[in-house]
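Q: Below are the chains, spelled out letter by letter.
Number of protein chains: 2
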Amino acid sequence: MKKTVITVSREYGSGGRLIARKLADELGIGFYDGELLSLVAKESGYTEEFVRRNDQKKTQSLLYHLYIGSQILPASDMIFIAQSRVIKDLYSKESCVIVGRCADYVLRDCPDVINVFITAPLESRIVRVRDEYGEIAEPADNYKAYLNKKDKNRIAYYNYFADDAWGKVQTYDISVNSDIGIDKSADLIARYIRARVGE
Amino acid sequence: MKKTVITVSREYGSGGRLIARKLADELGIGFYDGELLSLVAKESGYTEEFVRRNDQKKTQSLLYHLYIGSQILPASDMIFIAQSRVIKDLYSKESCVIVGRCADYVLRDCPDVINVFITAPLESRIVRVRDEYGEIAEPADNYKAYLNKKDKNRIAYYNYFADDAWGKVQTYDISVNSDIGIDKSADLIARYIRARVGE
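Line by line, the protein sequences give chains A and B. Quick note: the first sequence uses numbering that gives the first Met the number 0, first residue 0, plus one each step. Quick note: the second sequence uses numbering that gives the first Met the number 0, first residue 0, plus one each step.
By construction, these hints were calculated from the structure, which means they are not laboratory data. One should not assume that every hint holds.
Heads up, the list lumps identical chains together, so a pair's fine if it works in one copy or across two of them.
Calculated cross-link-like contacts (lysine to any residue; reagent style SDA-like; alpha-carbon spacing at most 25 Å) [what the hints assert, rightly or not]:
#  : residue 1 : residue 2
1  : K151      : E134
2  : K2        : E34
3  : K1        : L121
4  : K41       : E198
5  : K21       : R190
6  : K143      : L106
7  : K92       : E25
8  : K183      : D24
9  : K167      : Y45
10 : K183      : E198
11 : K143      : V112
12 : K143      : I113
13 : K87       : R52
14 : K2        : G180
15 : K143      : Y104
16 : K143      : F49
17 : K143      : Q169
18 : K143      : I181
19 : K143      : C109
20 : K2        : D108
21 : K183      : P73
22 : K2        : C109
23 : K151      : Y104
24 : K1        : P120
All chains should be built: construct the whole structure from the sequences, respecting the hints.
A: In structure tokens, the structure reads:
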């Protein structure tokens, strides 16, 4: 396949990560999600544990940092910068699938990038998070509030770092509601990608 | 196929209408775009020519109507109401593809509705509008401004009547950047729909 980087954004509990991995397998290319963090640690000089703890967290407000008199950028900003460098480095080297981390935004001016978004109705996401991932909702048993909060964090992270609105349909080359299943979603997206790269 | 209504929203010049027609042909179900207007005329009592002239136009502001002392709803509101009734009537009767007209919003609480969105990069849309549709841009030759205005009108229409933000990726079951071509886009969407209705 012609060198192509595929970014996958998703709603929490949509199965987007599973679909992304399946897609990478199907296309025979690299897959970066948690894998990215070791590279980021190497790039930033932070420990992997520290990077993991601050992963995809929005920074405290600038006001807070002025208040505490900080002279340096907050850790999550530093990590975001290192992460962007790692993503651009991957882009220059190999075909791969990158999950989350504003990769669509980081690579917004690069050709040969295909942006994917995975959605799913709230009810399906609740079932997946509760029954498949085995997550326990806080507040207890209120999975709607739990997912709502997870979504909000993801959106805040994107809007903070990407300086653009999250989830605009025009940003993505293909979006799929995963209610057709993980395998079929991955198949469909692979088919789209092959059509785009002319195979 | 199990009774299913497919709504198709699109960016101007993305080829969404062509894809929608192809999709309807491929699935062997009805197609409603301009066809809807005759039904709306019948429902509203307006002439078809009048309906066509006011089609997908946002109404003047309420302030304007207060200013001119109007006692009745503006024509475009009346047409929207008649149109919504026609869309719900179609929904209750048959499987079909409906293009635009906030059909995704009108049917938002109905099961067995699949919402599709067609996007395309600005450059591709300019080429299609200029070379395939043969449209002449006003201001002269500024196709970017021309498409920008067309998009704005479409968004304003949706946001006015649908009381929701246009183009949120979560609203759609599948979105496709039509740069893979009209036929391949229609094929891909048909494949998604068959997977959803369990065929």
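Q: Checking K2 and E34: alpha-carbon separation at most 25 Å within a copy, between copies, both or neither?
A: within (20 Å within a copy, 44 Å between copies)
Q: At most 25 Å between CA atoms: does that hold for K167 and Y45 within a copy, between copies, both, or neither?
A: Answer is neither: 33 Å inside a copy and 36 Å across each miss the 25 Å cutoff.
Q: Should K2 paired with C109 be assigned to within, between, both, or neither, using CA atoms and 25 Å as the limit?
A: within (12 Å within a copy, 42 Å between copies)
Q: Please work out whether the CA atoms of K143 and I113 approach to 25 Å or closer within one copy, between two copies, in both situations, or in neither?
A: between (31 Å within a copy, 23 Å between copies)
Q: If the cut is 25 Å between Cα atoms, do K1 and L121 qualify within a copy, between copies, both or neither?
A: between (36 Å within a copy, 24 Å between copies)
Q: Using 25 Å as the alpha-carbon threshold, which applies to K143 and Q169: within, between, both, or neither?
A: Intra 27 Å, inter 16 Å, cutoff 25 Å: inter-copy only.
Q: Tell me, please, which holds for K151 and E134 at an alpha-carbon limit of 25 Å: within, between, both or neither?
A: Within one copy, since 18 Å is at most 25 Å while 42 Å is not.
Q: Measure nothing new, just compare the shortest in-copy and cross-copy C-alpha distances for K21 and R190 to 25 Å and report within, between, both or neither.
A: For K21 and R190, the Cα distance is within 25 Å both inside one copy (13 Å) and across copies (19 Å).
Q: At most 25 Å between C-alpha atoms: does K92 with E25 qualify within a copy, between copies, both, or neither?
A: So K92 and E25 pass the 25 Å test inside one copy only (20 Å; across, 41 Å).
Q: Given identical chains, is K143 near F49, meaning Cα to Cα at most 25 Å, within a copy, between copies, both, or neither?
A: neither (30 Å within a copy, 46 Å between copies)
Q: At 25 Å max between alpha carbons, let me know whether K183 reaches D24 within a copy, between copies, both or neither.
A: both (14 Å within a copy, 23 Å between copies)
Q: What label fits K1 with P120 when the C-alpha limit is 25 Å: within, between, both, or neither?
A: So K1 and P120 pass the 25 Å test across copies only (20 Å; inside, 34 Å).
In summary, the numbered hints that this structure violates are 4, 9, 16 and 21.
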